[in-house]
Amino acid sequence: MGDYEDVTNEIRANSVLPARREDIELHTADGLTLVGELARPLDRDPVATLVCLHPLPTHGGMMDSHVFRKAAWRLPALAGVAVLRFNTRGTSSVRGASEGEFSAGVDERYDVAAAIEYAEFHDLPNIWLVGWSFGTDLTLMHGLDPAVAGAILLSPPLRFSDAEHLAAWAAGGKPLTALVPEFDDYLRPAEARTRFAAIPQAEVVGVPGAKHLWVGDAEKVLDEIVRRVAPEVPVPLPRAWDGPMEAGDTAAYADRTVAAFADVPVPKPLKD
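In our numbering, the protein residues as written are 43 to 314.
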């Protein structure tokens, strides 16, 4: 990242606003070390905490997938929200590689638990899980923890999770919001409303014009997240910043586009 520039500028895809950022490690109950980052507001305590669970690592998903990267770069400053993101087992990014191997949602239960435990141990408040694609399955399968206030699902495919997990969330009563793109590749709003009817408290929000990867729609996603985890913060969030701003490197993942994984089969769920 470059030097801060103290001027009023439009917030762009590579804009990095001030925050306290630190590299972290998570330690799983089955003995792995996972790499991640915690971004907190620079000059105040956070009002809420996002624990981000990324898309399929076999198809380019990682802690730096663009919506989560933008959340970490913007939300501590714009909304007073802490953002914890990490690479699940066998996943790599610029931050580094997490130990272990991809387990199709089975052993990742230890990864989810380690992230929640880290947030709880470090007294991070109002913990919300934010899953995206495969990360929504991890949320539904493994995220119903007493320390978690609720969850937000981005582009949920309901591929690895099943009726048992939906029933558990229904019984748990915790708030659950699914943001479903109008043109999603796997689950579109009408079917999502039918599937999530199993969870009475679930809110399904169809997003007109959006697609599974939310390209061009990250700002809408961040607004909807903040609307739920920090309702006292006005939305839409500012689209310009009057203060110091860095420029992040958005060219580091040119090999992780949809096209790069076009011929890679999507893994099937495994049984415990």
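Simulated from the structure, these hints should not be mistaken for laboratory data.
Just to be clear, a hint being listed does not mean it is correct.
Between beta-carbon pairs, the in silico distance windows are [claimed, not checked]: (1) Pro-242 - Ala-139: 22 to 28 Å; (2) Gly-73 - Ser-134: 17 to 23 Å; (3) Glu-224 - His-164: 21 to 27 Å; (4) Gly-214 - Asp-85: 18 to 24 Å; (5) Arg-230 - Pro-311: 36 to 42 Å.
Only pairs whose alpha carbons sit at most 20 Å apart, straight line, appear in this in silico SDA-like list of lysine to any residue [as the list claims (entries may be wrong)]: (6) Lys-310 - Ala-205; (7) Lys-310 - Gly-215; (8) Lys-262 - Val-247.
The beta-carbon is built from N, C-alpha and C at its ideal position, and this holds for glycine as well.
We went through each hint and held it up to the structure:
1. Pro-242 - Ala-139: 22 to 28 Å: violated, 41 Å
2. Gly-73 - Ser-134: 17 to 23 Å: holds, 19 Å
3. Glu-224 - His-164: 21 to 27 Å: For His-164 against Glu-224, whose Cβ atoms are near 38 Å apart, the range 21 to 27 Å is violated.
4. Gly-214 - Asp-85: 18 to 24 Å: violated, 35 Å
5. Arg-230 - Pro-311: 36 to 42 Å: Between Arg-230 and Pro-311, where Cβ atoms are some 21 Å apart, the hint is violated.
6. Lys-310 - Ala-205: holds, 17 Å
7. Lys-310 - Gly-215: Not OK: Lys-310 and Gly-215 at ~29 Å, beyond 20 Å, violated.
8. Lys-262 - Val-247: Given that 20 Å is the threshold and the Cα spacing comes to 12 Å, the pair holds.
The earlier numbered hints that this structure contradicts are 1, 3, 4, 5, 7.
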